[in-house]
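J.: Based on the provided sequences and hints, a complete structural model is requested.
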Amino acid sequence: AAGVIQSPRHLIKEKRETATLKCYPIPRHDTVYWYQQGPGQDPQFLISFYEKMQSDKGSIPDRFSAQQFSDYHSELNMSSLELGDSALYFCASSERGAGETQYFGPGTRLLVL
Amino acid sequence: GEDVEQSLFLSVREGDSSVINCTYTDSSSTYLYWYKQEPGAGLQLLTYIFSNMDMKQDQRLTVLLNKKDKHLSLRIADTQTGDSAIYFCAESTAYALNFGKGTSLLVTP
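From first to last, the protein sequence lines are chains A and B. Residue -17 is where the first sequence starts when you use the working numbering, and the numbers rise one by one after that. Residue -4 is where the second sequence starts when you use the working numbering, and the numbers rise one by one after that.
For the record, the hints were derived by calculation from the structure and aren't laboratory data. Careful: at least some of the hints might be erroneous.
Unchecked claim - With the Cβ distance kept under 10 Å, some of the chain A side facing chain B (calculated, not the full set): (1) Gln19; (2) Gln23; (3) Pro25; (4) Gln26; (5) Phe27; (6) Met35; (7) Gly40.
As the list claims (entries may be wrong) - Chain A residues, not near chain B, derived (Cβ > 10 Å throughout): (8) Leu(-7); (9) Asp24; (10) Lys34; (11) Glu64; (12) Ala74.
Even glycine gets a Cβ: it sits at the ideal position worked out from N, Cα and C.
T.: Structural data, given as structure tokens:
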């Protein structure tokens, strides 16, 4: 079965640079979520989109923005990167009205130097 | 906000049963989930339970839910070394998943 695809899988950036993470949800899933998992931490919700509109916002810094496109893929844009942004970034997708179980992608590991 | 609580570590011998416990916070959670994360890997959905159930069995996995006490447990029968991982319980809130800190399960031969 198709899973959530994230790219890139690994990313190394320097402080104050920008990064763009991409997420391709499972086909027919209309909702995309972004989570951040710091080292040794549990995943923290950042933001979600339903049918290409922002649905909810969690602990997403103002330096980050995201959007969902017409093909339902989503991008997380991160600017003015800080050392503390080094983390594993997960995208998850779900189908509203079908249990809304979230299926996670493999994550993008971002390292900020 | 309130935390979903789990014990941090559990060590069992291969072939024994493992029981991982979780206390959640949101009594209105519709679903409660168990995810598995191996080192450096993503979050794998193991199983979930609907809030109006008190038990769900799926092969070696048994989930028990006590809604009154907001207590969730995951039992893994005949634990294998490949089960060594971090197990996260998660409650569904109005807009996202709220995870516990994870329980590191170590299975020794």
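J.: Does the claim that A:Leu(-7) lies off the interface hold, with its Cβ farther than 10 Å from every Cβ of chain B?
T.: Label holds. Min Cβ-Cβ 15 Å, cutoff 10 Å.
J.: Is it the case that A:Glu64 keeps its Cβ farther than 10 Å from each residue Cβ in chain B?
T.: About 23 Å separates A:Glu64 from the closest Cβ of chain B, which puts it past 10 Å; holds.
J.: At a threshold of 10 Å, is the proposed contact between A:Gln26 and chain B supported by beta-carbon distances?
T.: 8 Å, holds
J.: Determine whether the non-interface label on A:Ala74 survives the test: each CB of chain B must be over 10 Å from its CB.
T.: About 8 Å separates A:Ala74 from the closest Cβ of chain B, which leaves it inside 10 Å; violated.
J.: Measuring from the C-beta of A:Gly40 to each C-beta in chain B, is the shortest one below 10 Å?
T.: 6 Å, holds
J.: Return the status of the interface hint for A:Gln19: holds when the least beta-carbon distance to chain B is below 10 Å, violated otherwise.
T.: 8 Å, holds
J.: Tell me if the interface restraint on A:Phe27 is satisfied: Cβ within less than 10 Å of some Cβ in chain B.
T.: 4 Å, holds
J.: Take the shortest C-beta to C-beta distance between A:Met35 and chain B; is it under 10 Å?
T.: 13 Å, violated
J.: Is A:Lys34 truly not at the interface, in the sense that its beta carbon sits beyond 10 Å from all beta carbons of chain B?
T.: Since the minimum Cβ distance to chain B is about 17 Å, A:Lys34 lies beyond 10 Å and the statement holds.
J.: Against chain B, with CB atoms and a cut of 10 Å, does the hint on A:Gln23 hold up?
T.: It holds, given that the least Cβ distance between A:Gln23 and chain B is near 8 Å, below 10 Å.
J.: Any Cβ of chain B at or closer than 10 Å to A:Asp24, or is the non-interface label fine?
T.: 4 Å, violated
J.: With a cut-off of 10 Å on the beta carbons, see whether A:Pro25 makes it to chain B.
T.: At 5 Å from the nearest chain B Cβ, A:Pro25 passes the 10 Å test, so the hint holds.
Checked against the numbered hints above, the structure violates hints 6, 9 and 12; every other hint is satisfied.
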